[in-house]
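2 protein chains.
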Amino acid sequence: MLPTKKEVEKAYKRVKPFVHNTPVLKSSFINELSGAEIFFKCENFQKMGAFKMRGATNAILELSKENRQAGVVTHSSGNFAQALSLSAKNLGVKAFIVMPKTAPKVKKEAVLGYNGIVFESESTTESRRLEAERIQTETGATFIHPSNSKDVILGNATAAVELLKKHPNLDALITPVGGGGLVAGTALAAEFFGVNCKTFGGEPFAADDAFRSLQTGEIAFNKTTNTIADGLKTHLGDINFPIIKKLVSEIIRVEEEEIVAAMKLIYERLKIVVEPSSAVAFAALLRNKKAFQNKKVGIILSGGNVDLANLPF
Amino acid sequence: MLPTKKEVEKAYKRVKPFVHNTPVLKSSFINELSGAEIFFKCENFQKMGAFKMRGATNAILELSKENRQAGVVTHSSGNFAQALSLSAKNLGVKAFIVMPKTAPKVKKEAVLGYNGIVFESESTTESRRLEAERIQTETGATFIHPSNSKDVILGNATAAVELLKKHPNLDALITPVGGGGLVAGTALAAEFFGVNCKTFGGEPFAADDAFRSLQTGEIAFNKTTNTIADGLKTHLGDINFPIIKKLVSEIIRVEEEEIVAAMKLIYERLKIVVEPSSAVAFAALLRNKKAFQNKKVGIILSGGNVDLANLPF
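Just so you know, the sequences run in chain order A and B. Mapped onto my numbering, the consecutive letters of the first sequence carry residue numbers 522 to 834. Mapped onto my numbering, the consecutive letters of the second sequence carry residue numbers 522 to 834.
Do not take every clue at face value.
Just so you know, same-sequence chains aren't split out, so a pair can sit in one copy or run between any two.
Within a straight-line C-alpha distance of at most 30 Å, the following computed BS3-like cross-link-like pairs (lysine-lysine) qualify [what the hints assert, rightly or not]:
#1 K810 to K610
#2 K629 to K547
#3 K810 to K615
#4 K687 to K615
#5 K811 to K547
#6 K719 to K629
#7 K626 to K547
#8 K629 to K586
#9 K622 to K534
#10 K811 to K586
#11 K628 to K810
#12 K547 to K686
#13 K816 to K610
#14 K547 to K785
#15 K610 to K785
#16 K686 to K537
#17 K610 to K817
Hint data in this document are derived by calculation from the structure and do not stem from the laboratory.
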């Protein structure tokens, strides 16, 4: 059973007071270059710098009073760790964050900056899961998965809902695909708030598990993930995959050079800071220019948390 | 005689259809850090990437039909060269741009990309001036100075007018100071559209001609200009200086490290691309935190044309 329009609408109203209605940017140069009319939804300007704030906020707001008192727990070394910490802080809830010992210091500090309580694990999936389970048992905290959670998906949907309320006639939406929580939420928004609006995912060839999952109908995994788009290394889950299977038109794969070129264009022409994962959706459009010719296309720029000392251009 | 409120209003209505009403960004992190409430007016998102588009557009729109047919000419290797080229292109006018032979290739290409007609000169002020005069004589084109022109100043004023229309209760406005055209225009906007709104200029210690000009009452020049803020190396002129003398409260000088630190904060927290000159106004506020404590401050982020391969952090 897919989530309903009513559920998406409720999530939109629920998170609205706690997140930014982020700006939508356009560039005549980029439109000429691509042949499409592109509406960039700037979730890099979202609180803590990524769309993940929406899903995290919605998930916490959906908890009962008792559950809020016990706190929330997740395992993430990326944007969701910061998003859960900040939305928990904003709502007066404790957030326990399991991060691998090997996670960069700057990421731990960002979580601590938002009052997240960091627990270190080994870097294996198994070790992270076990540590999160231990915390759940000891504290009664609720586990919130970064992407494979209905409440997180519904929260993520609200970026595209905002975009479609402003520009109702978009022909297509494109998002990057990592764990699948953003593309699933966006596809729900397109289905319920768009007019014949199709949803596409952009994915690196170097971590094309979602592409393969749609081909075989079974969730696929990545053996290696040598991509600059470090937010897109994870795989789909049993909650978001059925939505993706039903509502996403196509996953478009892109080369690493295409990601870097798209990222550079965004910096040069939109004058904004985005992380490599965000550029993947734009790279997907540029690779498939013909398919989007003369179309109105919304691109969700997922986030802007990037190491500025190591830009790839 | 200062320009009048009516003249600023007319310039605002005149350029409005031809420029972006650029977004205003805020950051709770930056507000906490500074103790002020800061409204960043994002002229880096302006057409061709800088506020200069406003002054150039206004100056061309003020020309008679005959003068428009003969074209416009300026000498600039920076943003004004691009601004005059693009606004001339948009209005069906020819733009002759005198650039020193030594100007970076990328800057010449940017001008050519906007249909500007480039003439090369030696890099001395004298050689640039003579070449511009030659073009005027031969083509009948009207010379438009990048900063020391009433029409350019009135056009530049419109960025602050937009900001004050949105946020009428600002206590202060800060801009970077190079040739003086932006700070003069902004001071006019503050005087006519603000409520006790003071105007400040930010300037590098390494090119503090405006600071010295205000001290002595005579236009001062820079012997050396070793600053990263390459848009701020020029000096004031006889048209903008009287406005600055009358209406600008103070020129705040900043060190190079302060410019880089302010620039980094803008990239990291606002997630936008600005050129070093833009960061100078913000650096001025951070250096003088006490003076702006609990004030509402508008900062004009002047532009976003920067060599991304050589960011200073």
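Verification of the hints:
1. In this assembly of identical chains, K810 and K610 lie within 30 Å of each other by CA distance solely across copies; the values are 28 Å between and 43 Å within a copy.
2. Taking identical chains as interchangeable, the C-alpha atoms of K629 and K547 lie at most 30 Å apart only when they sit on different chains, with a minimum of 25 Å there against 34 Å within one chain.
3. In this assembly of identical chains, K810 and K615 lie within 30 Å of each other by CA distance neither inside one copy nor across copies; the values are 46 Å within and 33 Å between.
4. When the C-alpha separation of K687 and K615 is checked against a cutoff of 30 Å, the pair qualifies neither within a copy, at 35 Å, nor between copies, at 38 Å.
5. In the homo-oligomer, the alpha carbons of K811 and K547 lie at most 30 Å apart inside one protomer (20 Å), although the nearest pairing across protomers, at 38 Å, exceeds that limit.
6. In this assembly of identical chains, the alpha carbons of K719 and K629 never lie at most 30 Å apart, being 37 Å within a copy and 41 Å across copies at closest.
7. In the homo-oligomer, the alpha carbons of K626 and K547 lie at most 30 Å apart only across protomers (27 Å), although the nearest pairing inside one protomer, at 35 Å, exceeds that limit.
8. Taking CA atoms no more than 30 Å apart as the test, K629 paired with K586 passes inside one copy only; the shortest distance there is 28 Å, against 63 Å between copies.
9. In this assembly of identical chains, the alpha carbons of K622 and K534 never lie at most 30 Å apart, being 38 Å within a copy and 58 Å across copies at closest.
10. When the C-alpha separation of K811 and K586 is checked against a cutoff of 30 Å, the pair qualifies neither within a copy, at 51 Å, nor between copies, at 42 Å.
11. For a Cα distance limit of 30 Å, the shortest separation of K628 from K810 across copies, 29 Å, qualifies, whereas the shortest one inside one copy, 36 Å, does not.
12. Both within a single protomer and between protomers do K547 and K686 lie at most 30 Å apart by alpha-carbon distance, with minima of 17 Å and 23 Å respectively.
13. For the homomeric pair K816 and K610, the shortest alpha-carbon distance between copies (27 Å) is at most 30 Å, but the shortest distance inside one copy (41 Å) is not.
14. With identical chains, the CA atoms of K547 and K785 are at most 30 Å apart both within one copy (16 Å) and between copies (24 Å).
15. For the identical chains of this complex, K610 and K785 are inter-copy neighbours only, at 26 Å across copies versus 34 Å inside a copy, given an alpha-carbon limit of 30 Å.
16. For the homomeric pair K686 and K537, the shortest alpha-carbon distances inside one copy (13 Å) and between copies (26 Å) are both at most 30 Å.
17. For the homomeric pair K610 and K817, the shortest alpha-carbon distance between copies (26 Å) is at most 30 Å, but the shortest distance inside one copy (38 Å) is not.
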